[in-house]
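Asker: Top to bottom, those sequences are chains C and F. In my numbering, each number is its position in the first sequence, counted from 1, plus 539. In my numbering, each number is its position in the second sequence, counted from 1, plus 83.
Be a bit skeptical, because a hint or two may be false.
What the hints assert, rightly or not - Computed cross-link-like contacts, BS3-like style, restricted to lysine-lysine with a CA-CA straight-line distance of at most 27 Å:
#1 F/K505 / C/K548
#2 C/K568 / F/K485
#3 C/K546 / F/K505
#4 F/K160 / F/K189
#5 F/K522 / C/K568
#6 F/K476 / F/K174
#7 F/K137 / F/K218
#8 F/K160 / F/K379
#9 C/K546 / F/K316
#10 C/K568 / F/K530
#11 F/K560 / C/K568
#12 F/K137 / F/K505
#13 F/K218 / F/K249
#14 F/K442 / F/K205
#15 F/K356 / C/K568
#16 F/K444 / F/K356
#17 C/K568 / F/K316
#18 F/K282 / C/K546
#19 F/K251 / F/K356
#20 F/K174 / F/K316
#21 C/K568 / F/K505
#22 F/K439 / F/K560
#23 C/K548 / F/K533
#24 C/K568 / F/K558
#25 C/K548 / F/K282
#26 C/K548 / F/K530
#27 F/K375 / F/K192
#28 F/K533 / C/K568
#29 C/K548 / F/K316
Unchecked claim - Computed footprint of chain C on chain F, listed as stretches where at least three residues anywhere in the stretch have a Cβ under 8 Å from a Cβ of chain C:
#30 113-121
#31 527-537
#32 558-564
It should be emphasised that the hints constitute simulated quantities derived from the structure, not laboratory data. For each residue, glycine too, the CB sits at the ideal point set by N, CA and C.
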Amino acid sequence: MTRRISKYKRFMMMNPIVQFFKFIYLSIKVLIVVAGGHGGTRNA
Amino acid sequence: MAKIVVLGAGIAGHVAASHLRRKLSKKHDVVVVSPNGNYQWIPSNIWVGIGRMKPKDILFPLAPLYAKKHIDYKQAKAVSFHPEGDQEEAKPYVLSEYVVGDDKGKREKVTYDYLINATGPKLNFEATEGLSPGKNKTHSVCTYTHAQEAWIELEGLIKEMKQGKKIKILIGTGHAKSTCQGAAFEYILNVEQELRRHKVRDMAEITWISNEYNLGDFGMDGMLMSYGSNIMKSNEMVEMIFEDRGISWILGAGVNKVEDGVAYYETLDGDHKEESYDFAMLIPSFSGHGFKAYGKAGEDITDKLFRGFMIVDADYTPKPYEEWSVQDWPETYQNPSYSNIFAPGIAFAPPHSISKPRKSKNGTDITPAPPRTGMPSGITAKLVADNIIEMIKHSNNELHHKGSMGNMGAACIASAGFGMTKGSGISITTYPIVPDYKKYPDTHGRKLGKTFGSIGLAGHWLKLALHYAFIYKAKMKPFWWLIPE
Ligand SMILES: Cc1cc2nc3c(=O)[nH]c(=O)nc-3n(C[C@H](O)[C@H](O)[C@H](O)COP(=O)(O)OP(=O)(O)OC[C@H]3O[C@@H](n4cnc5c(N)ncnc54)[C@H](O)[C@@H]3O)c2cc1C
Numbered sequence: 540m541t542r543r544i545s546k547y548k549r550f551m552m553m554n555p556i557v558q559f560f561k562f563i564y565l566s567i568k569v570l571i572v573v574a575g576g577h578g579g580t581r582n583a
Numbered sequence: 084m085a086k087i088v089v090l091g092a093g094i095a096g097h098v099a100a101s102h103l104r105r106k107l108s109k110k111h112d113v114v115v116v117s118p119n120g121n122y123q124w125i126p127s128n129i130w131v132g133i134g135r136m137k138p139k140d141i142l143f144p145l146a147p148l149y150a151k152k153h154i155d156y157k158q159a160k161a162v163s164f165h166p167e168g169d170q171e172e173a174k175p176y177v178l179s180e181y182v183v184g185d186d187k188g189k190r191e192k193v194t195y196d197y198l199i200n201a202t203g204p205k206l207n208f209e210a211t212e213g214l215s216p217g218k219n220k221t222h223s224v225c226t227y228t229h230a231q232e233a234w235i236e237l238e239g240l241i242k243e244m245k246q247g248k249k250i251k252i253l254i255g256t257g258h259a260k261s262t263c264q265g266a267a268f269e270y271i272l273n274v275e276q277e278l279r280r281h282k283v284r285d286m287a288e289i290t291w292i293s294n295e296y297n298l299g300d301f302g303m304d305g306m307l308m309s310y311g312s313n314i315m316k317s318n319e320m321v322e323m324i325f326e327d328r329g330i331s332w333i334l335g336a337g338v339n340k341v342e343d344g345v346a347y348y349e350t351l352d353g354d355h356k357e358e359s360y361d362f363a364m365l366i367p368s369f370s371g372h373g374f375k376a377y378g379k380a381g382e383d384i385t386d387k388l389f390r391g392f393m394i395v396d397a398d399y400t401p402k403p404y405e406e407w408s409v410q411d412w413p414e415t416y417q418n419p420s421y422s423n424i425f426a427p428g429i430a431f432a433p434p435h436s437i438s439k440p441r442k443s444k445n446g447t448d449i450t451p452a453p454p455r456t457g458m459p460s461g462i463t464a465k466l467v468a469d470n471i472i473e474m475i476k477h478s479n480n481e482l483h484h485k486g487s488m489g490n491m492g493a494a495c496i497a498s499a500g501f502g503m504t505k506g507s508g509i510s511i512t513t514y515p516i517v518p519d520y521k522k523y524p525d526t527h528g529r530k531l532g533k534t535f536g537s538i539g540l541a542g543h544w545l546k547l548a549l550h551y552a553f554i555y556k557a558k559m560k561p562f563w564w565l566i567p568e
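Bound-form chain F, shown alone:
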């Protein structure tokens, strides 16, 4: 009998837990430890942030589902890692703290045979002075509560615009090393479309602010893609869309401080500038959760498990951009010190960024951190689950399932506006996610046929179809496993 503990019930944790449960007999225990009692389909937060969906449309409670599916669920948060156990507990464990109910605050040693750390990112608002959702007129769409607050604020401003008030909207990244530009890109286009729907577009000045060097970098070093019968760079595509929507942009900006209605930023030229706004949605930097790890005797072994995020089978040797290769990226997401610990999704420490690193003249790093979107999060979680299943069934430590972001495609359907007839979406696929400049030297590291972009109403329908399909899958309804990650 084996016990597998999954930390986190986001895209990666939930995918791992559901596949483990489906494929392992009931004599094995699958335990999920996660503080949020709800599963949320994060990509649809964008629509909560423009009031076109309610939080209830994008979430469901985990406890009843897990009870039905024989997955043991603890509504708790991991506090520290003890991969060798301790003087009293022989088995490895994660110290976890319950966050609700009578047990709130109670700590438990959750022992395991295999551990999947799928705790995703910490939304590191503190890294930017004054950046906090709901304060200083800044907002976030990173959680459904943040997104709803953003909509309440925006709705109020729309009313004021209808009465003749002109406003400034600033959307983008709130830190020099933020990631998730794609989400901010979706939000700016959705906000722009909502203002048009409410017939107040002319009352707003909308600006994109980003740590990207070029538009359309998306933390992925940009893309060369096929677009209809043309070949286009992602920066040309995004520029075309922004021009079309009357959105202006500020690039290479490392936002370092926010005050009431003012964002301060440093440019790659080393200048310190500011931009005023009435409403801002700025994505914070993502960091690890700051977990500590301890050995058998209680000694600090955090650096065996974490470098911010969790250490896995990546090549972390520092090297210049010119020497980066796809081989640096992990394949199995296994911790090299403890073969029974894995970290899929955003929880693993990337070897370096994907975009070319850039510093300002003052030496500040202004480079997008590498994104790990929903699809690779799901794929890496499933392959981790499959490897653990094989380890259990065959009592060996061979890992047959591999999935490097340098040998994996991703589909990103960016919403550009909501509505069955007026909506729009930008469908982009990339292969591979991490550009392989050796294999595809002439096409910016990617395979052209599999890297393409398309704009239009169909993109919105596709995004909406994916919303329903992935919630169906997450609810583990009949044949859920046929829907790919």
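Next up, chain C with everything else stripped away, as it sits in the complex:
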């Protein structure tokens, strides 16, 4: 069954104050994935 975005969730998604902290959190999370590095797979 399709999940729906509740009114509360939508409020949180568009609230600039909540989203400001989310922005910082996301930036760090994305940086961790990016800075997590990369390498080969064959000799792992």
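Following the hints, put chain F with the ligand in place on chain C, whose structure we already have.
Answerer: Leaving out everything else, chain F with the ligand in the frame of chain C:
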């Protein structure tokens, strides 16, 4: 002294050229050959396609930057590859043809010690009958000119909707083997939001059409991701978003023909169907550029260099989906026949798709081709540049820098609407890009903590921040190299 020639000045070519120039002394030559005189930040084409950015906001001319940074720039296109030189020219070279100015049409043998082929994809509109940007009411956002044309058309339709006209919009993939579903996904959400902004949303029926088997496949076999405190499949997330935005969808569709306002497609069930529209944005299939390669005596050696895209250190042995592994994916992007040729970004030939291959009942392949997004394009270009630098500095052929898409994460921030307070973005990260079903058998081949999704205004801010950061980086402004690929 070494001469490194970079073909293409897109994300991969420009990243490679800028790192080479920064790390190599001026006694080595870095030459860029690319037909488009502008650098374009392609991800922001989406915003050009909804009129919220102008082409000038997402591009800048390459010639002045390259002149300042001592990068030799030829506004030309590669025509053929001669990795052994020829009877007159002892050095390997790429035959290139100038595309502007007094030299337009003039051909030059651009010799090299090392070659980076970063020519990306050919936008293969011809593979779908009738699909051509600006014709048959279909459009593209793959280049800034296409995106601007799409906006001009859409803007006209918005005016008509304001006068009461009901319209149908179709957005998605324009071929059974298209890739770049992510870009089409961003565009459909942005168009939907723009219609709401213009208060005409109720006048439009918006439909997603795609060669994906499931929503949210994105050519990456879908994802299982953490979403807040939940675990969600990417198809559930996209379905939730489409439901929320009133967008309907057609899946497993291989579009094979387009006529004025009608897209014809084959389904996995083998049925032939059609969908009418007033405005469509359909991503074409991507192919190699059809380059030819010749040996010393002028013999055709194209199959040593190309299989559509450029052959690199991937395992191209044909095998069934069940036997695919991350080890099939290249690590160094070096051509196995010529150790001084590399192909990062989209220019390399992938070993196979990432999504499970599917055929229609009539035997037509309807499977998304594997995406190579901006981040892996930049990372692979940088590691190629680093390997070449080491080869030059240490006069050996050892490649220490490796980066398989099976051991690399990617961040994809999909815009879902523009605006500092009303905008939205879907931030998705995946690790690894190519699922490793052996390492992560219970989580659909990916590491859960590093594979997550988030929806909201912050995603838009992040996408906008990345737009400015990457243009700053591409302009090679102070400390540009601190910004990761
Ligand atoms: C609309 C759209 C939105 C996207 N959004 C995102 C996103 O949000 N995030 C993300 O990570 N990725 C995104 N992507 C994908 C991203 O743009 C690509 O991954 C990236 O551009 C690939 O880089 P590339 O350098 O390999 O190829 P390209 O960027 O295509 O560059 C190829 C270069 O080669 C040049 N060239 C072509 N032919 C020749 C020739 N014969 N000789 C010499 N040079 C030649 C071209 O002029 C160009 O400079 C998007 C793509 C599209 C189309």
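Asker: Hints the structure violates: just list their numbers, smallest first.
Answerer: 15, 20, 22, 30, 32
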